Amino acid sequence: MSGPRRLREREKLIFERSSVGRIGYQLPALEVPAVDPAKTLPAATLRGEIEGLPEVSEVDVVRHFTRLSRWNYSVDEGLYPLGSCTMKYNPRLNEELARLPGLAGIHPLQPEDQVQGALALLWQLEHALVEITGLARVTLQPAAGAHGELAGMLMIRRALEDRGARPRTVLIPDSAHGTNPASAVFAGFDIVEVASTAQGTLDLEALGRHLAGGDVAALMITVPNTLGVFEPEIVRAAAMLHERGAFLYMDGANLNAFVGVALPGRMGVDALHINLHKTFSTPHGGGGPGAGPVAVSEALVPYLPVPIVERTGERYTLSTGRPKSIGKVRGFYGNFGMLVRALAYIRSLGRDGLRAMAEGAVLNANYLRKGLEQHYHLAYDGPSLHEVVFDDTLQAASGVKNIDIAKRLLDYGFHPPTMSFPLIVHGALMIEPTESEGVEELDAFIAAMREIAREAKETPDLVKGAPYSTPVRRLDEVRAARQPVLRWVPKRP
Amino acid sequence: MHRYLAGEADRRHMLAAVGVKSVDELFATVPADVRVGQLDLPRGRSEEEVRREFIAYAIRNSALDCFASFLGAGVYRHLAPSVVDSLLQRGEFFTAYTPYQPEVSQGTLQAIFEFQTFVCQLTEMEVANASLYDGATAVVEAVLMAHRVLPDRPRVVVAGALHPEYRAVLDTYGAPMRLEITTVPWGPDGRIAHQRLAQAIGPDVCAVVVQSPNFLGPIEDLGPIAEAARKAGALAVQVVAEATSLGLLVPGGRFGFDVVCGELQAFGLPAAFGGPHLGFYATRQAYLRQLPGRLVGETVDADGQRGFVLTLSTREQHIRRGKATSNICTNHGLMALAATIVLSLLGKRGVREIALASHTTAEYLKAALRGGSGRAALAFPDAPTYNEFLLRHDDPDALLTRLKDEGILAGVATTHLGGGWPKGILVAATETNTLEECDRLLAALGRLA
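Protein chains in written order, with our numbering: chain U, 81 to 573; chain H, 3 to 451.
In isolation and in its complexed conformation, chain U is listed as follows:
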């Protein structure tokens, strides 16, 4: 994000680059006889020229987007320590494989005998995820983690209805990601927040009290939780829920911490979504596409979305005849391109590599914790797995907040940690290095964070005014929300 001045200059909008008569494409010569759309289409439906579309050449387009790309930070550039987002390396092999014409160039409505390879791939991925989770079956359909949460909660709802039960309450710890309550509500439940213990973990006594109320459908919980701490009472919690006919939903956002070490199936989990763009290396793409397969226990198998892939001998079919299914949660079979990448990652790492991945993630997080715990306040001091949550308590005396520390990190060439949650930590700095990093990258980050801690004490205004070296300075978010400008409009002459 540096370089000669001309390359650092702001890039106009593509619409502002427009110059009459430029084109960036050429279609094959149209050999079929021309038709006059005024004769083939009703006059009221026929559109004229679309106002404002740009006229740019292919070179213009390449330059425009190449320049834009230079204003982004990315994993390819360095550590991206967003807690719970798991920004790990995205292998190039996976990109190549997802683009094979036999995988990218197939239509979802081709007959089954024309897509046996695709169905085999889906079956292999499902069964790898069954092995990794220790659960009974997996739907690959959901398009992202939050979408998986919704699918899981709809299955739980349907299972309860099947038993003639209509409990309305879903319990969610106060440390949860914001999608959990939103997904539960869209599945038709009411949510009740459960306060965490002083250690930041699930409060079994509180759980017991809520269960005694008798209206609980499920508990949604993240393991390890958003503090990076393993929930020590998860097995007991599952038993308490099951005793009352309720279900345990696990948010798999932090699965990266224990792949190959522990099995959600053994924890008593009934449904678990897996963010393939976290644990299984599919690229985040600047905000998706993700993929959010959901693994379920035997109790929820009848309710899985349709279709699912079944194998008979060497033949694969899409099974739709599942009367208790919740139906479909999106078109077709899921974000197939992302599923291809995830299976490639699982194959590349293999059984030992997957465990080494979790070990590396946990070791790296603990190394960062060790390097920073004298300089930043630990919100909760329980043992960390894959991430560690500091806060800005030590810096607050000089008026420096977590957001200032984050912005100053940009000047040191690092992407900041997560700050928006967990809500139980005020001024949170949630750091997840992932297994992709070696010592020197972690050391550089530790050095930057220590330097900022020193600056916060000695020159707090320097930190509060950061960043200084980024393509733009701190942006006026209040103005963006108060006077929304959400699209470009042509200037009137």
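Hints were generated in silico from the structure; no laboratory data involved. Given the structure is predicted, the values throughout are model-derived calculations rather than measurements. Glycine included, each C-beta is placed from N, C-alpha and C at the ideal position. Honestly, I wouldn't trust all of these hints.
The list that follows gives simulated cross-link-like pairs (lysine-lysine, DSS-like), each with its CA atoms no further than 27 Å apart [unchecked claim]:
no., chain 1, residue 1, chain 2, residue 2
1, H, K368, U, K119
2, U, K450, H, K368
3, U, K404, U, K450
4, U, K404, U, K481
Label-pair restraints from in silico Cβ distances [claimed, not checked]:
no., chain 1, residue 1, chain 2, residue 2, range
5, U, G325, H, P383, 52 to 60 Å
6, H, A370, U, V100, 36 to 44 Å
7, H, M179, U, E531, 33 to 41 Å
8, U, G393, H, K233, 53 to 61 Å
9, U, P403, H, T185, 16 to 24 Å
10, H, D42, U, T392, 31 to 39 Å
Just so you have them, the derived chain U footprint on chain H, three or more residues with Cβ under 8 Å [said to hold, decoys possible]:
no., segment
11, 42-50
12, 96-109
13, 185-195
14, 246-254
15, 349-357
With the hints as your guide, set chain H onto chain U.
Showing chain H alone in chain U's frame:
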């Protein structure tokens, strides 16, 4: 050790610094009864071995490029400029996260702002979001928004010729919300029966959902549909599954629709066995605070220069939690970038030219089939269509199999889409179909249909 991970020296150094003898000690909080010894998965493999496995999957599929393909039904093969994928493969784009730190995400943010502008231009609507998963979930979000705007109205009126995948997903989401869905069938010309529509819309209806061009191909008469919805105080929703049609057809925005949403895959995204594709969502300024999903807005930085940020996020789950307008978090950002690049390349002239070429090619096929071909005949010969039409046939699966043996994927049979569809083949043409392919299809239909 593994090529994606750090090495032995890294591990030794870090273990010593942390003060433990082995990594196992760091997992001490994980109880013994939930642990696993070793996963029953293959050993780790080299690039070459993994590539071999995936090529084996790929060659067991019939790739569209090896055939004359007329498959559509919501997923289309249009031009695929090499520029698009070459730009998408820039790590600065595809290995970045959601642009929560705008100072180091201006590339993604500006591209999304451009995307939102393109969607507004195509739909003639005032605001568009930063993308949704796909066409099906876009329809759901439209209906849920209508229900938020009109919470006392539990009923939704949906055209029968809505894409069956979209309808199936709407049914799934509608159940827990206790939405009652009334289906209005198509008439003899394949377009929604306006009389039946008028009867179906009442004061308890929050949304009227119509796909145009509809799933069977015909272009709906949008004006009266918007008018009928408006009279009853319901929101009118236009669904577009073949987005290139917007280059030639007046969008719902001009007819007073409240939402225009659907699927943008047609603008340069691969079929990819159904995903990732690209849901889009455009509406009126009046519904801005009820809009689902992310939005990028323009602002200025501390030095007064233009910049872009995620904005109005108090609608979203990470702020509003259980009261959010949608549970969506990750959307389809990279696919939105792809469409933005394609739309930039096409520009003012190309968006129309690609639509006209697709329409012209389909009209060529329709003209040749007007008198029927064997047992195959146009289902709705009098309806205006864009680039897709239904060819009636009493045994479409057998016919498609015979055509495939001749190197032709003639279309999508309506026999596996759930009940209620007329028996036949949905045939779609785009600017990628040559005259030779069209003539080959027509000749083969003449012999085999």
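Now for the hints, and whether the structure bears them out:
For the hint pairing K368/H with K119/U, the CA-to-CA distance comes to about 14 Å; that is within 27 Å, so the pair holds. Restraint check for K450/U and K368/H: not satisfied, since their Cα atoms lie roughly 72 Å apart, outside the 27 Å limit. A hinted pair counts as satisfied when its Cα atoms are at most 27 Å apart, and K404/U with K450/U does not qualify at roughly 51 Å. For the proposed pair K404/U and K481/U, the alpha carbon gap of about 51 Å is over 27 Å, so the pair is violated.
At roughly 58 Å, the beta-carbon separation of G325/U and P383/H lies within the given 52 to 60 Å, and the hint holds. In this structure the supplied range 36 to 44 Å holds for A370/H paired with V100/U, their Cβ-Cβ distance being about 38 Å. Distance hint for M179/H and E531/U: a CB-CB separation of about 52 Å, inconsistent with the stated range 33 to 41 Å. Between G393/U and K233/H the Cβ separation comes to about 58 Å, which falls inside the hinted range of 53 to 61 Å.
Distance hint check for P403/U and T185/H: the Cβ-Cβ separation is about 21 Å, which falls inside the suggested range of 16 to 24 Å. Checked against the given bound of 31 to 39 Å, the beta carbons of D42/H and T392/U, roughly 22 Å apart, lie outside it. Check result for the segment 42-50 of chain H against chain U: holds, 7 residues qualifying (beta carbon to beta carbon below 8 Å, three or more required). Only residues whose C-beta sits within less than 8 Å of a C-beta in chain U count toward coverage, and the segment 96-109 of chain H has 14 of them, enough to reach three; the restraint holds.
Residue count for the segment 185-195 of chain H with a Cβ under 8 Å from a Cβ of chain U: 0. That is fewer than the three needed, and the coverage hint is violated. Coverage of the segment 246-254 of chain H by chain U holds [criterion: at least 3 residues with CB-CB distance below 8 Å; count 6]. Counting residues of the segment 349-357 of chain H whose C-beta sits closer than 8 Å to any C-beta of chain U gives 8, which meets the bar of three, so the coverage hint holds.
Of the numbered hints given earlier, the model fails hints 2, 3, 4, 7, 10 and 13; all others are met.
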